[in-house]
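Peer 1: Let chain R serve as the given structure and place chain Z on it in line with the hints.
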Amino acid sequence: GDSVTQMEGPVTLSEEAFLTINCTYTATGYPSLFWYVQYPGEGLQLLLKATKADDKGSNKGFEATYRKETTSFHLEKGSVQVSDSAVYFCALDTGRRALTFGSGTRLQVQP
Amino acid sequence: SAVISQKPSRDICQRGTSLTIQCQVDSQVTMMFWYRQQPGQSLTLIATANQGSEATYESGFVIDKFPISRPNLTFSTLTVSNMSPEDSSIYLCSVERQGLGTGELFFGEGSRLTVL
Chain R
1 GDSVTQMEGP VTLSEEAFLT INCTYTATGY PSLFWYVQYP GEGLQLLLKA TKADDKGSNK
61 GFEATYRKET TSFHLEKGSV QVSDSAVYFC ALDTGRRALT FGSGTRLQVQ P
Chain Z
1 SAVISQKPSR DICQRGTSLT IQCQVDSQVT MMFWYRQQPG QSLTLIATAN QGSEATYESG
61 FVIDKFPISR PNLTFSTLTV SNMSPEDSSI YLCSVERQGL GTGELFFGEG SRLTVL
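Residue numbers (the numbering used here), protein chains in the order written: chain R, 1 to 111; chain Z, 1 to 116.
If we strip away everything but chain R, and leave its shape as in the complex, we get (with noise of 0.2 Å):
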């Protein structure tokens, strides 16, 4: 079945550190795949997606491509924030309008 595989964490960064979440994923077909983020005291939101290979998604600095040889969406940011603290979560949608979710990953940035 489809699967999605995240570092775990805690990360825990400076500020201004670059960033790298890790993200594979096993599916069937040609999936769409996102990354979510839940920041403290708030509901899940859409980062950024991807919808076919080699497809890059960005959003407030951040940034992932579709590697379909690799099977990997890793998440990317070049000078993270203390406001970039938050769980992240990688995902995938084959089809079904319903969402595959790694494990999450919780970032923390100290300044």
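Just so you know, these hints were derived from the structure itself, not from any lab. Heads up, the beta-carbon is just placed ideally off N, CA and C, and yes, glycines get one too. Be aware that a few hints might be false.
Cβ-to-Cβ under 10 Å is the rule here; a few derived chain R residues that face chain Z [said to hold, decoys possible]:
{"no.": "1", "residue": "G1"}
{"no.": "2", "residue": "F34"}
{"no.": "3", "residue": "K49"}
{"no.": "4", "residue": "R96"}
Computed spacing ranges between beta-carbons, pair by pair [as the list claims (entries may be wrong)]:
{"no.": "5", "chain 1": "R", "residue 1": "T5", "chain 2": "Z", "residue 2": "R97", "range": "21 to 27 Å"}
{"no.": "6", "chain 1": "R", "residue 1": "T51", "chain 2": "Z", "residue 2": "T79", "range": "32 to 38 Å"}
{"no.": "7", "chain 1": "R", "residue 1": "F18", "chain 2": "Z", "residue 2": "Q51", "range": "43 to 49 Å"}
{"no.": "8", "chain 1": "R", "residue 1": "E8", "chain 2": "Z", "residue 2": "Q51", "range": "34 to 40 Å"}
{"no.": "9", "chain 1": "Z", "residue 1": "P85", "chain 2": "R", "residue 2": "S83", "range": "34 to 40 Å"}
Peer 2: This is chain Z only, laid out in the frame that chain R set:
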């Protein structure tokens, strides 16, 4: 964007009791989804609820344990029946972002249940 309100936001329940979680959306939506997030784990889809039809349950989830209602296009309820400590989780309601393709979901803030 859609605004989703869930009630209760958290509750502490006794073993063997049942609790109903409500999900209210500020716009009409076709599909509503109920997810569960157990402590330290990923979100798992429980069921998909369409207005006017029976909910569709994922493997491992049954209607007797998690009955769902969907009386109209803006409201749904999920009941967790005959609870045990293993049901302690965050339960999340979500809806699809219309017209923008698959997978873009809005989520409520979740209902955190603790079963003693």
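Peer 1: List, from low to high, the hint numbers that the structure doesn't satisfy.
Peer 2: none
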